[in-house]
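Given chain A, work out where chain B should sit, using these hints.
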Amino acid sequence: MSFDVDLTKRLGEAEIACRIEAGEGLTVLFGPSGAGKTSVLNMVAGLVEPDAGHVRVAGETLFDGGAGLDVPVAERRAGYVFQEPRLFPHLRVRSNLLYGRRADDGLDVDETIALLGIAHLLDRWPRTLSGGEARRVAIGRALLSDPRFLLLDEPLSSLDRARREEIMTLIERLRDTMKLPILMVTHDREEAARLGTRIVEI
Amino acid sequence: MTPELWGIVWLSLKVGGVAVLGCLPVAFALAWLLARGRFPGKLLLDGLVHLPLVVPPVVTGWLLLLAFAPAGPIGSWLESWFGVSVLFRWTGAAIASAVMALPLMVRAMRLSIEAVDRRLEQAAATLGAGRWRVFASVTLPLSLPGVLAGTVLGFARALGEFGATITFVSSVPGETQTLPLAIYAALQIPGGEAQVLRLAGISVLLSLAALLVSELIARRAGRGLHVL
Numbered sequence: 001m002s003f004d005v006d007l008t009k010r011l012g013e014a015e016i017a018c019r020i021e022a023g024e025g026l027t028v029l030f031g032p033s034g035a036g037k038t039s040v041l042n043m044v045a046g047l048v049e050p051d052a053g054h055v056r057v058a059g060e061t062l063f064d065g066g067a068g069l070d071v072p073v074a075e076r077r078a079g080y081v082f083q084e085p086r087l088f089p090h091l092r093v094r095s096n097l098l099y100g101r102r103a104d105d106g107l108d109v110d111e112t113i114a115l116l117g118i119a120h121l122l123d124r125w126p127r128t129l130s131g132g133e134a135r136r137v138a139i140g141r142a143l144l145s146d147p148r149f150l151l152l153d154e155p156l157s158s159l160d161r162a163r164r165e166e167i168m169t170l171i172e173r174l175r176d177t178m179k180l181p182i183l184m185v186t187h188d189r190e191e192a193a194r195l196g197t198r199i200v201e202i
Numbered sequence: 001m002t003p004e005l006w007g008i009v010w011l012s013l014k015v016g017g018v019a020v021l022g023c024l025p026v027a028f029a030l031a032w033l034l035a036r037g038r039f040p041g042k043l044l045l046d047g048l049v050h051l052p053l054v055v056p057p058v059v060t061g062w063l064l065l066l067a068f069a070p071a072g073p074i075g076s077w078l079e080s081w082f083g084v085s086v087l088f089r090w091t092g093a094a095i096a097s098a099v100m101a102l103p104l105m106v107r108a109m110r111l112s113i114e115a116v117d118r119r120l121e122q123a124a125a126t127l128g129a130g131r132w133r134v135f136a137s138v139t140l141p142l143s144l145p146g147v148l149a150g151t152v153l154g155f156a157r158a159l160g161e162f163g164a165t166i167t168f169v170s171s172v173p174g175e176t177q178t179l180p181l182a183i184y185a186a187l188q189i190p191g192g193e194a195q196v197l198r199l200a201g202i203s204v205l206l207s208l209a210a211l212l213v214s215e216l217i218a219r220r221a222g223r224g225l226h227v228l
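Protein chains in written order, with UniProt numbering: chain A, 1 to 202; chain B, 1 to 228.
Excised from the complex, chain B in its bound form:
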């Protein structure tokens, strides 16, 4: 592998990793709200969370661009408070990947939270555990396999992000050009087939590995074993 290839792979892993880690607490909080919460507008929130799954990615990217542009609501705030902009930066690519991975992560986590036997939580409460202890000692460990599986799935999704990323932060080699974007760029160059083949191969391997890990975790959970 050439240093250039390594650079692309490393950037993709960095963008995907940061995206998923940043997304994790948000996704878990949303999954918790949707699984356990009873509030008006729950259906609307559910819809909003799932929007990136059904809206054309290019639209998601464009909406992100509007929000994070220097004059946009989030962009102007970032600019004035921190003096930073995420446009054309890998951080922007991570944000795009995070938004696109969110629905998948929330779905998996929500299912695993809903699968936790409420009667065990009741038992913990009668044994003197307050809400937080019930959550930390019963709900969280029992839903952990699903949370981990959802996170890995989200990571796989983030690695494959294309449409929203290229619309939002463009395709800057070494900064926002992740694997899918590099494949697309190589396709535009005459004689770039060999590069496309290499990148595509790596892409398939990484995705397959992530899916396998996710599946293994889910299986262990299915056997009722403790993951950690």
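Bound-form chain A, shown alone:
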């Protein structure tokens, strides 16, 4: 079981309840804007603490409300690609990519950079990147942190058609070759159908 998530969270007026039991591949979290999809990703990443429930990823328990277990964000090793790139503005692309790099190597750096087609951007500052470039760098930064699982929040939003196709192909490649559990949020049915091994509606 790659994602075994069952949690509830009250955020103001709204109550988020989410249950995911997913096997290998890419699990799409599908639903309209404002349904709390991003909140679910934040809870899996450990940025938001659920009120109750549990989060288990690839057999490891990251949160268990009953047992009082809450693994700190930095130790969960989530490769989180946020809806906005969130690149560090004071670091060049290269330093951004290597920020989460661990001594024990995961993916090969050069291969990953080539895969993402960002080799020509390494010495640039984040503010000089286009939306699609920044998105690819953000994906690269997450991948190179040697993550145990990937969280993708609307990775295709605000991209033009050509870039969407590029990133979609990339996600398919990640899904099929890396064997990492992936949890992806989208509100686009076509995207969900094409990329998802399974779809969870919220």
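Source of the hints: derived by calculation from the structure; they are not laboratory data. Heads up, some of the hints might be wrong.
[What the hints assert, rightly or not] Have a look at the derived ranges for each label pair, beta carbon to beta carbon: (1) B:LEU43 with A:ASP176: 53 to 61 Å; (2) A:ARG102 with B:ILE74: 47 to 55 Å; (3) B:GLU215 with A:GLU15: 43 to 51 Å; (4) B:LEU43 with A:VAL109: 43 to 51 Å; (5) A:LEU69 with B:LYS42: 24 to 32 Å; (6) B:LEU48 with A:ALA114: 52 to 60 Å.
[Unchecked claim] Incomplete in silico selection of chain B near chain A, CB under 10 Å: (7) ASP117; (8) ARG119; (9) GLN122; (10) ALA124; (11) ALA129; (12) ARG133; (13) VAL134; (14) SER137; (15) VAL138; (16) PRO141; (17) ARG198.
Note that the structure is a prediction, hence the values are computed from the model and not measured. Each residue gets a CB set at the ideal place from its N, CA and C atoms; glycine is no exception.
The following block gives chain B in isolation, referenced to the frame of chain A:
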């Protein structure tokens, strides 16, 4: 410039510099607490930090005098542990300047810490950075321009300190007589106008330079550039 004039300028720079450097870590810690902390009494701490900004400087000086007097709580401690007293010394003038510069420095630093995008800190955490690394590699560099601007502003304020200093450590030529105090002393002497004019001119130039530096740093920060 006469050696006497140089002495006054040098003393002022020394007092202001030591005051601001000593104040820096305290101001940053307070700014951090006020920007990020959630604790009871936060409003009270905020008020206390800002007190030197609104209380008459002569009152601040008098309170410092009470605290650092040989029988005072801090003075007796300094005396018994280190055998030193800051009264009538340039170190005392630096302490007075530091206390008066503190509110300005805390304000500027607090704003710059609050302006750091928390989402970047979250991103750093998901990439495996613990609290200290997040602070050192994201929060601190991003708030650095504001911290530097606040420090320069505090320095300008320290250079202009008068009321608290003269009350606390008096006006001892060569020891506690900084620029503003020397100007005041020159005003008391018949025929001292030429000296006043020179000192006032230097004072304006130094303050203007400090303000310009502070403004330049703030502008660079506004453009989203890295300062260092």
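Run through the hints listed earlier and report the numbers of any the structure violates, in increasing order. 17
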